[in-house]
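If you want the building blocks of each chain, they are given just below.
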Amino acid sequence: NAGVTQTPKFQVLKTGQSMTLQCAQDMNHEYMSWYRQDPGMGLRLIHYSVGAGITDQGEVPNGYNVSRSTTEDFPLRLLSAAPSQTSVYFCASSYPRGADYGYTFGSGTRLTVV
Amino acid sequence: LAKTTQPISMDSYEGQEVNITCSHNNIATNDYITWYQQFPSQGPRFIIQGYKTKVTNEVASLFIPADRKSSTLSLPRVSLSDTAVYYCLAFMEYGNKLVFGAGTILRVKS
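Residue numbers (the working numbering), protein chains in the order written: chain A, 79 to 192; chain B, 404 to 513.
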């Protein structure tokens, strides 16, 4: 089924470890974004991309890196995990004219940093 | 992007129509209004979007008056499964990011 696939679904890291959260979409969407959602709160934008080779920072980019080498993939890298990065991470994608169909979100990655 | 303001929570009963109003006083000329629904442990799901007047799909209706300073999401005959958080957002027609607020927690009771 077409959509946004996030892996892994769950992950536990130790403080200081690094890891990459994977996001892939098969809808040929140009726009992709990463959000984090803390308990009882709304989503906060981490990084976004308007196409392959182009990325930009969102509201809370510190501690995270992204790259967009292909249209399909938009991985999020945690450089040195901290307990404050414990959260649920969502990836989303859209056509450039978001007004047409809206954004499609993945099912999330639940990350715990101990 | 325009800042949106919506109620923190609302309660309703099964079978009722629910209207959630969102305020966006400083909406820009090229901003659209979009609504998303989020269930616990899931990513948000697109419900509906519009620019002005009324838009209807199989799930909801969206009313945006001529001044576009507010909008109302209307959910007809809600059921228990409509219990979720609903987000109102402003975004540009060729927007490249969505900025979420706190959303409205809708609780539907039997």
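Be aware that a few hints might be false.
[Unchecked claim] Here are the in silico distance ranges between beta carbons for each label pair:
(1) A:192 to B:458: 45 to 55 angstroms
(2) A:157 to B:445: 33 to 43 angstroms
(3) A:118 to B:459: 45 to 55 angstroms
(4) A:129 to B:445: 35 to 45 angstroms
(5) A:96 to B:469: 22 to 32 angstroms
(6) B:433 to A:95: 39 to 49 angstroms
(7) B:459 to A:143: 38 to 48 angstroms
Hints in this document: simulated from the structure, not taken from any laboratory. This one's a predicted model, so the numbers in the text were calculated from it and none came from an experiment. Where is the CB? At the ideal position from N, CA and C, for every residue including glycine.
#### Entry: Unsatisfied constraints (hint numbers, rising)
When the structure is compared with the hints, numbers 2, 3, 4 and 5 turn out to be violated.
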